[in-house]
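Asks: The lines below spell out each chain.
There are 2 protein chains.
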Amino acid sequence: MFFELQHTARGTAARAGRIETAHGSIETPIFMPVGTAATVKGILHRDLKEDARAQIILANTYHLYLRPGTQVLEQAGGVHRFSGWDGPMLTDSGGFQVFSLADCRKIDEEGCRFASHIDGSKHLFTPENVIDTQRSIGADIMMAFDECPPGTAPKEYAERSLELTNRWLARCWEQYERTQPKYGYRQSLFPIVQGVTYPDLRERSATFVQRFPADGYAIGGLAVGEPAEDMYRMIEVTNAVLPRDKPRYLMGVGTPANILEAIERGVDMFDCVMPTRNGRNGMIFTTEGIINIRNEKWRTDFSPLDPAAPSFVDAAYTKAYLRHLTISGEMLAAQIASLHNVAFYLWLVREARRHILDDTFAEWKPRILEKITKRL
Amino acid sequence: MFFELQHTARGTAARAGRIETAHGSIETPIFMPVGTAATVKGILHRDLKEDARAQIILANTYHLYLRPGTQVLEQAGGVHRFSGWDGPMLTDSGGFQVFSLADCRKIDEEGCRFASHIDGSKHLFTPENVIDTQRSIGADIMMAFDECPPGTAPKEYAERSLELTNRWLARCWEQYERTQPKYGYRQSLFPIVQGVTYPDLRERSATFVQRFPADGYAIGGLAVGEPAEDMYRMIEVTNAVLPRDKPRYLMGVGTPANILEAIERGVDMFDCVMPTRNGRNGMIFTTEGIINIRNEKWRTDFSPLDPAAPSFVDAAYTKAYLRHLTISGEMLAAQIASLHNVAFYLWLVREARRHILDDTFAEWKPRILEKITKRL
Numbered sequence: 451m452f453f454e455l456q457h458t459a460r461g462t463a464a465r466a467g468r469i470e471t472a473h474g475s476i477e478t479p480i481f482m483p484v485g486t487a488a489t490v491k492g493i494l495h496r497d498l499k500e501d502a503r504a505q506i507i508l509a510n511t512y513h514l515y516l517r518p519g520t521q522v523l524e525q526a527g528g529v530h531r532f533s534g535w536d537g538p539m540l541t542d543s544g545g546f547q548v549f550s551l552a553d554c555r556k557i558d559e560e561g562c563r564f565a566s567h568i569d570g571s572k573h574l575f576t577p578e579n580v581i582d583t584q585r586s587i588g589a590d591i592m593m594a595f596d597e598c599p600p601g602t603a604p605k606e607y608a609e610r611s612l613e614l615t616n617r618w619l620a621r622c623w624e625q626y627e628r629t630q631p632k633y634g635y636r637q638s639l640f641p642i643v644q645g646v647t648y649p650d651l652r653e654r655s656a657t658f659v660q661r662f663p664a665d666g667y668a669i670g671g672l673a674v675g676e677p678a679e680d681m682y683r684m685i686e687v688t689n690a691v692l693p694r695d696k697p698r699y700l701m702g703v704g705t706p707a708n709i710l711e712a713i714e715r716g717v718d719m720f721d722c723v724m725p726t727r728n729g730r731n732g733m734i735f736t737t738e739g740i741i742n743i744r745n746e747k748w749r750t751d752f753s754p755l756d757p758a759a760p761s762f763v764d765a766a767y768t769k770a771y772l773r774h775l776t777i778s779g780e781m782l783a784a785q786i787a788s789l790h791n792v793a794f795y796l797w798l799v800r801e802a803r804r805h806i807l808d809d810t811f812a813e814w815k816p817r818i819l820e821k822i823t824k825r826l
Numbered sequence: 451m452f453f454e455l456q457h458t459a460r461g462t463a464a465r466a467g468r469i470e471t472a473h474g475s476i477e478t479p480i481f482m483p484v485g486t487a488a489t490v491k492g493i494l495h496r497d498l499k500e501d502a503r504a505q506i507i508l509a510n511t512y513h514l515y516l517r518p519g520t521q522v523l524e525q526a527g528g529v530h531r532f533s534g535w536d537g538p539m540l541t542d543s544g545g546f547q548v549f550s551l552a553d554c555r556k557i558d559e560e561g562c563r564f565a566s567h568i569d570g571s572k573h574l575f576t577p578e579n580v581i582d583t584q585r586s587i588g589a590d591i592m593m594a595f596d597e598c599p600p601g602t603a604p605k606e607y608a609e610r611s612l613e614l615t616n617r618w619l620a621r622c623w624e625q626y627e628r629t630q631p632k633y634g635y636r637q638s639l640f641p642i643v644q645g646v647t648y649p650d651l652r653e654r655s656a657t658f659v660q661r662f663p664a665d666g667y668a669i670g671g672l673a674v675g676e677p678a679e680d681m682y683r684m685i686e687v688t689n690a691v692l693p694r695d696k697p698r699y700l701m702g703v704g705t706p707a708n709i710l711e712a713i714e715r716g717v718d719m720f721d722c723v724m725p726t727r728n729g730r731n732g733m734i735f736t737t738e739g740i741i742n743i744r745n746e747k748w749r750t751d752f753s754p755l756d757p758a759a760p761s762f763v764d765a766a767y768t769k770a771y772l773r774h775l776t777i778s779g780e781m782l783a784a785q786i787a788s789l790h791n792v793a794f795y796l797w798l799v800r801e802a803r804r805h806i807l808d809d810t811f812a813e814w815k816p817r818i819l820e821k822i823t824k825r826l
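Going down the list, the sequences are from chains A and B. The numbering used here applies: residue 451 is where the first sequence begins, and numbers increase by one. The numbering used here applies: residue 451 is where the second sequence begins, and numbers increase by one.
Because the hints were derived from the structure by calculation, they are not lab data. One or more hints might be untrue.
Repeated chains share a single entry, so a pair holds when one copy, or any two copies, can fit it.
[Claimed, not checked] Straight-line C-alpha distance at most 30 Å; calculated DSSO-like pairs for lysine-lysine: (1) LYS632 x LYS572; (2) LYS605 x LYS747; (3) LYS572 x LYS747; (4) LYS632 x LYS499; (5) LYS556 x LYS605; (6) LYS605 x LYS632; (7) LYS572 x LYS821; (8) LYS747 x LYS632; (9) LYS696 x LYS632; (10) LYS499 x LYS605; (11) LYS499 x LYS821.
Using the sequences provided together with the hints, build the complete structure.
Replies: Put into structure tokens, the structure is as follows:
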């Protein structure tokens, strides 16, 4: 994997860059739609690529490990061939899911024992086997196995957790070096910076991860309950320590505002379920502000969904029709909302990139933020 | 509306024709995907038109009357402008739904009192107000309000029911003539032939409906529990009486086999929820036979869904991936299956039409039937 830092916008830490992977290149800053089970919910691959213009998608190791399982993925020749998504992909380590979704029974030095949310079957994730699983999946970017404490964790817990995460990272890296890609192309492994909202822990973590000559570094454990201002401060603290010449990935974040604030502070990569999950619930992010499409006020609004937005659905469907579909519980509502929202997020990071390259990011950001965060 | 009978295939009653409506022309025989709430479940309009090549879709008066309601539809300027589907549309009368979906409390000479399946609210459908509602919806083809007895109804009930349907038809027609289209284009009204599986009742009904100079005639009350052979015989009996120069629409039918048998007996138009509903449940109609995609045997079948079928999803996705999505309860499974199945149905009627025009329908039909009805 290759990362080129192309430009840093005047008066900010906002960066434009380019990542090369075996499955194509990615222009940063970038938003990665979440494809949990190797499908971005509600969006056909063709539309994800050609309409929303996704450049890389994320899949969840926890979900793919349970279904279809590594055996099927290996027989298919990896997740790209299995799913038909031939662009770049990233997998998380499954850590976040076993602590949240699954019933993590026991966490100790070895790893985490958990019960599947599907059938209750018992499993163990360790730093080593999580790397093996990600080798079987075959994403271009793999993530280290970490513990992710809540955003309000007391310092003592945060510190103990960070130490465990660091020891796990060393084991992940060792397993990464001991193993080879299964499908003939490079897989990168990104370490994850933790430390809750404690600046000294974040600094310590951001220093520690650099022991490993990774292709990129991630910032984890944010947007998990702490105030947004704390998150922004942790990003600043962390990015001050992380190397400039590697991509920085802020995990699981966030709202359009979170993303712009993080871009301004030097983050290059994002993922979040918000555009799809909130879309399924009727929340539409538009170029004019945020719409709750269930609201009575859209009942007879026959104007296009978002005429200034780039997806074909924005001109093809009206607010009143989308409201009708949503109220009626029609699948098509989720399809339109998901495609629109994902296309909107990708449009937003493309716009950010354009303004970084133009050196107009600092002026553009507050103007666009005011528009798109308005509740309509 | 204009219908041109283009050709009848040698040795059969299978017909090829063309219907002209205000929203475009339709080549028959045709399958009409069902868009209950003005959406064919799981399929974006663009894909319905460009990929599946749908020429006309059906919407349900009962559903649209309840949601979004005629007031919203009128403000939008009719269902085409409301939904964004700009091709031909047909609405049923709501009769079938009030007898099945809704709780039809009381049926008498006046009409049917029923409780909404959504909120239990009380409503009355009469032959007159069902025409008014369809005027407000604005489909190109409207259907008469009829009673649809079960396929096993005893003759006395069938006869009484047919007489009520005939009186209702006269009232529908009167209301149709008394009212004007609301959006400046012609709306046709199709009477419906009933009579359960009693040849003399079907004949009497097919004669009666011709009192009304309609643009087309429908055959209702079939595929509601009677043996398929009875259905085919009723189609023969009915089509022997219906005029040759008007399109014939067999309502709510059916499997690919049902459709080919009915085409052979001179039917021109079909609708059925089967491709979408069964698709959502994992049943895939392919050019090689019928697949239950949940079956273990597809787990590691990485071949394309149906290489010989015309939808882009047929080459873009594999059986193993579609199985994974289905087993995982992913929305995308329903989207792929629905688009594939609808495209398959439309491909099948296009093939039928081609073989009718070629005079090879009689030879082609048994060959294709053998292939596509196989359980894989």
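Asks: A separate judgement is required for each hint: does it hold in the structure or not?
Replies: How the hints compare with the structure:
For the homomeric pair LYS632 and LYS572, the shortest alpha-carbon distance inside one copy (26 Å) is at most 30 Å, but the shortest distance between copies (63 Å) is not. With identical chains, the CA atoms of LYS605 and LYS747 are never at most 30 Å apart, being 47 Å at best within one copy and 52 Å at best between copies. Taking the shortest alpha-carbon separations for LYS572 and LYS747, only the inter-copy value of 26 Å comes in at or below 30 Å, while the best intra-copy value is 49 Å. For a Cα distance limit of 30 Å, the shortest separation of LYS632 from LYS499 inside one copy, 25 Å, qualifies, whereas the shortest one across copies, 41 Å, does not.
In this homomeric assembly, LYS556 and LYS605 come within 30 Å of each other (Cα to Cα) only inside a single copy, at 21 Å, whereas the closest approach across copies is 69 Å. Taking the shortest alpha-carbon separations for LYS605 and LYS632, neither the intra-copy value of 40 Å nor the inter-copy value of 70 Å comes in at or below 30 Å. Taking identical chains as interchangeable, the C-alpha atoms of LYS572 and LYS821 are never at most 30 Å apart, the minima being 48 Å within one chain and 44 Å between chains. Taking CA atoms no more than 30 Å apart as the test, LYS747 paired with LYS632 passes between copies only; the shortest distance there is 25 Å, against 54 Å inside one copy.
When the C-alpha separation of LYS696 and LYS632 is checked against a cutoff of 30 Å, the pair qualifies only within one copy, where the shortest distance is 25 Å, while the shortest distance between copies is 63 Å. Taking the shortest alpha-carbon separations for LYS499 and LYS605, neither the intra-copy value of 43 Å nor the inter-copy value of 59 Å comes in at or below 30 Å. Taking the shortest Cα distances, LYS499 and LYS821 sit within 30 Å of each other inside one copy (27 Å), while across copies they are farther apart (35 Å).
Taken one by one, the earlier hints fail for this structure at numbers 2, 6, 7, 10, listed in ascending order.
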